[in-house]
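Novice: Sequence:
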Amino acid sequence: MTRNTPSETEPTDFIREIIREDLRTGKFGGRVHTRFPPEPNGYLHIGHAKSICLNFGVAEEFGGLCNLRFDDTNPVKEEAEYVEAIKRDVHWLGYDWGEREFYASDYFEQLYQYAVQLIKLGKAYVCDLTPEQIREYRGTLTEPGRESPYRNRSVEENLELFERMRAGEFPDGSRTLRAKIDMASGNLNMRDPVIYRILHATHHRTGDAWCIYPMYDFAHSLSDSIERITHSLCTLEFEDHRPLYEWFQEQLGVYRSQQIEFARLNLTYTILSKRKLIRLVQEGHVSGWDDPRMPTLSGMRRRGYTPQAIRDFCGRIGVAKTNSVVDVALLEYCLRQDLNKRAPRVMGVLEPLRVVIENYPEGQVEMVEAINNPEDESMGTRQVPFSRVLYIERDDFREDPPRKYFRLAPGREVRLRYAYFIKCVDVIKDPETGEVVELRCTYDPETRGGYAPDGRKVRGTIHWVSAQHAHDAEVRLYDRLFNKPNPAEVEEGQDFTANLNPNSLQVLTGCKVEPSLAGAEPGSIYQFERKGYFCVDVLDSTPEHLVFNRTVSLRDTWKKIEKSLQQQRKR
RNA sequence: UGGGGGAUAGUUUAAUCGGCAGAACACCUGACUCUGGAUCAGGCAGUUGGGGUUCGAAUCCCUGUCCCCCAGCCA
1 MTRNTPSETE
11 PTDFIREIIR
21 EDLRTGKFGG
31 RVHTRFPPEP
41 NGYLHIGHAK
51 SICLNFGVAE
61 EFGGLCNLRF
71 DDTNPVKEEA
81 EYVEAIKRDV
91 HWLGYDWGER
101 EFYASDYFEQ
111 LYQYAVQLIK
121 LGKAYVCDLT
131 PEQIREYRGT
141 LTEPGRESPY
151 RNRSVEENLE
161 LFERMRAGEF
171 PDGSRTLRAK
181 IDMASGNLNM
191 RDPVIYRILH
201 ATHHRTGDAW
211 CIYPMYDFAH
221 SLSDSIERIT
231 HSLCTLEFED
241 HRPLYEWFQE
251 QLGVYRSQQI
261 EFARLNLTYT
271 ILSKRKLIRL
281 VQEGHVSGWD
291 DPRMPTLSGM
301 RRRGYTPQAI
311 RDFCGRIGVA
321 KTNSVVDVAL
331 LEYCLRQDLN
341 KRAPRVMGVL
351 EPLRVVIENY
361 PEGQVEMVEA
371 INNPEDESMG
381 TRQVPFSRVL
391 YIERDDFRED
401 PPRKYFRLAP
411 GREVRLRYAY
421 FIKCVDVIKD
431 PETGEVVELR
441 CTYDPETRGG
451 YAPDGRKVRG
461 TIHWVSAQHA
471 HDAEVRLYDR
481 LFNKPNPAEV
491 EEGQDFTANL
501 NPNSLQVLTG
511 CKVEPSLAGA
521 EPGSIYQFER
531 KGYFCVDVLD
541 STPEHLVFNR
551 TVSLRDTWKK
561 IEKSLQQQRK
571 R
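Just so we're aligned, residue 1 is where the first sequence starts under my numbering, counting upward by one.
If you're looking for bench data, these hints aren't it; they were derived computationally from the structure. Careful, some of the hints might be misleading.
Subject to a maximum C-alpha distance of 20 Å in a straight line, what follows is the list of computed SDA-like cross-link-like pairs (lysine to any residue) [unchecked claim]:
#  : residue 1 : residue 2
1  : Lys321    : Glu239
2  : Lys484    : Glu332
3  : Lys341    : Ser324
4  : Lys77     : Gln258
5  : Lys423    : Thr447
6  : Lys423    : Val458
7  : Lys27     : Glu250
8  : Lys27     : Glu61
9  : Lys27     : Gly47
10 : Lys274    : Glu237
11 : Lys123    : Tyr255
12 : Lys276    : Arg440
13 : Lys123    : Leu141
14 : Lys429    : Glu399
15 : Lys341    : Ala370
16 : Lys341    : Lys276
17 : Lys274    : Thr447
18 : Lys484    : Asn501
19 : Lys87     : Gln308
20 : Lys321    : Gln258
21 : Lys87     : Asp290
22 : Lys123    : Arg16
23 : Lys404    : Lys276
24 : Lys423    : Arg398
25 : Lys341    : Ala329
26 : Lys404    : Arg456
27 : Lys77     : Lys274
28 : Lys321    : Phe262
29 : Lys87     : Trp97
30 : Lys563    : Val547
31 : Lys423    : Gly460
32 : Lys484    : Ser324
33 : Lys560    : Thr447
34 : Lys559    : Gly493
35 : Lys423    : Lys321
36 : Lys560    : Gly460
37 : Lys321    : Arg16
38 : Lys429    : Arg440
When you get a sec, could you build the whole thing from the sequences and use the hints?
Specialist: Next up, the structure:
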């Protein structure tokens, strides 16, 4: 049985099963309505992509809708910049929320009225305990809490106090509104949780209209209800919040949504904690949220990742309740798979070694035809100039070739892709350092186009660029940001930054690329044959100074062979 | 004697009422190849332990073990 492509496949996971069942029983009147609820306090990353693909994907599959809702209930951490970045990223991934762009802050007045209603129901009270006292009264994981001395204030007093909280009569932290539930509950979330706190802070959308702000549990449950969300999908750590989520809707007698939790994404060699990502940015370990090494969607976009690759990945990792760590190799596989189909091939020499073809006429230039993408004939061909002096990859020559190495070496013949067979006849070295600075080769004019009329075979085919036609380029080689599969695993007294890979960025200048790249569009992606996929940097590349980001290397079988040869030698 | 959740190849996941444990990635072979790419063929490899029920258990029962989350006026 062959695997269906993601679009044909009907994803099956416990959430979709629940939804199918709900549809069958008519639980939500046959409706499916989800939401993606980011807090605008940072940039979206690949972990969010999982949630986005789930929420929007599920809605699409079942003929429902998915809202974009900003969970902006904490003005001290949130900024409008993040809102814009988040919208850009969701769109880039290929999802559309239509007119349904909502904000928890849109509901502040209604949420306030809900709180008033709760007070009237005798289900909420204003508490004067300090934050420290609240903590003490909460008890511990194994011991019950104690009731606040303010727990039994009258409805009238609570109403008046809450109104005065809103009016700004009290300083930050002096009072809270709390739900009156059960201080002895084994679930700490039910021990009279705070639902409103005083925060004299300017909100990015409501400005100074409010000085009290609702807490997540309250705002989220009721925002879902207001939007008539049917299935509220969130991550595992909110599992013990579900009773509270349901409590608010039940007490207020409002629309009941169903919260379902799934495991968040973890990736090897990657950190996906907003708190830690923001540190990388603030401490300058990376150039910003969109540094191509970042697992943020903006970083990945700049790196050359495609939305299709990310969506394919999200479809393959599945949705379950088990804590898990996905191998980053799967992400890279999805990337290569997508890029292989769409990226035009081109020749670029990263670390140039000069080659002179001794028997090729000086001053002569001829054009050879090259295929733009062997995976897609419709992408056509192009003409590439060939001449007497060329650059090849320094790594494609070995003075003393190891076993199984079938590229260029003294006396050996290789094929220059799409051009001629050449043979190395001499090696020029720097007399001081002994470094190889130039190769003298001869070519066989009979092999034009790369075919030998006598049928002789060469093992190696290497890429090249004509020296006089080459364009200079800067190439940024990215590697994983962290050295350890689990970057959080550190010695005593260290933090995750100790696992930062010091070689995660290597900048190469003086790289030589074929002339067709002269007008390369920022953001466009090419395969440098035999090397990898490279994307024109959107920020730093100019026609005069080309800058390429290595998106991902090609699978490198030779590297494996060489490695195992070295290991054999050690034994 | 707090509450909640979870355990299937190295990794991520399937398995409808209890009916042959199936895929993908990774790894290893080989074929093919003007990219040591891509593609194709094959291989390695699994039900958390112990009992029980049953013709038959990943699935049901009993009993262990291990892992994750929760004591923000963050989300």
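Novice: Confirm or reject each hint.
Specialist: Going through the hints against the structure:
1. Lys321 to Glu239: Distance ~11 Å between Lys321 and Glu239 Cα, so the pair holds.
2. Lys484 to Glu332: 17 Å, holds
3. Lys341 to Ser324: The hint is violated at about 30 Å.
4. Lys77 to Gln258: Answer violated: Lys77 to Gln258 is near 28 Å, above 20 Å.
5. Lys423 to Thr447: At roughly 12 Å apart (the allowed maximum being 20 Å), Thr447 and Lys423 satisfy the hint.
6. Lys423 to Val458: 11 Å, holds
7. Lys27 to Glu250: 17 Å, holds
8. Lys27 to Glu61: Holds. Lys27 to Glu61 sits at ~18 Å (cutoff 20 Å).
9. Lys27 to Gly47: Given pair Lys27, Gly47 is violated - Cα atoms ~30 Å apart, limit 20 Å.
10. Lys274 to Glu237: 15 Å, holds
11. Lys123 to Tyr255: 18 Å, holds
12. Lys276 to Arg440: 52 Å, violated
13. Lys123 to Leu141: 24 Å, violated
14. Lys429 to Glu399: 11 Å, holds
15. Lys341 to Ala370: Holds - the C-alpha atoms of Ala370 and Lys341 are around 17 Å apart, at most 20 Å.
16. Lys341 to Lys276: With Cα atoms ~35 Å apart, Lys341 and Lys276 exceed 20 Å; violated.
17. Lys274 to Thr447: 57 Å, violated
18. Lys484 to Asn501: Holds - the C-alpha atoms of Asn501 and Lys484 are around 9 Å apart, at most 20 Å.
19. Lys87 to Gln308: 18 Å, holds
20. Lys321 to Gln258: OK: Lys321 and Gln258 at ~16 Å, within 20 Å.
21. Lys87 to Asp290: The hint holds at about 15 Å.
22. Lys123 to Arg16: 35 Å, violated
23. Lys404 to Lys276: Violated, at about 44 Å.
24. Lys423 to Arg398: At roughly 13 Å apart (the allowed maximum being 20 Å), Arg398 and Lys423 satisfy the hint.
25. Lys341 to Ala329: At roughly 19 Å apart (the allowed maximum being 20 Å), Ala329 and Lys341 satisfy the hint.
26. Lys404 to Arg456: 19 Å, holds
27. Lys77 to Lys274: Between Lys77 and Lys274 the Cα gap is close to 12 Å, so the pair holds against 20 Å.
28. Lys321 to Phe262: Holds, at about 5 Å.
29. Lys87 to Trp97: Between Lys87 and Trp97 the Cα gap is close to 10 Å, so the pair holds against 20 Å.
30. Lys563 to Val547: 31 Å, violated
31. Lys423 to Gly460: 11 Å, holds
32. Lys484 to Ser324: Holds: Lys484 and Ser324 sit about 16 Å apart, inside 20 Å.
33. Lys560 to Thr447: Violated, at about 31 Å.
34. Lys559 to Gly493: 36 Å, violated
35. Lys423 to Lys321: Judged against 20 Å, a Cα distance of about 59 Å means the pair is violated.
36. Lys560 to Gly460: 17 Å, holds
37. Lys321 to Arg16: Distance of about 13 Å is within 20 Å: holds.
38. Lys429 to Arg440: Holds: Lys429 and Arg440 sit about 11 Å apart, inside 20 Å.
Of the hints listed earlier, those the structure fails to meet are numbers 3, 4, 9, 12, 13, 16, 17, 22, 23, 30, 33, 34 and 35, in rising order.
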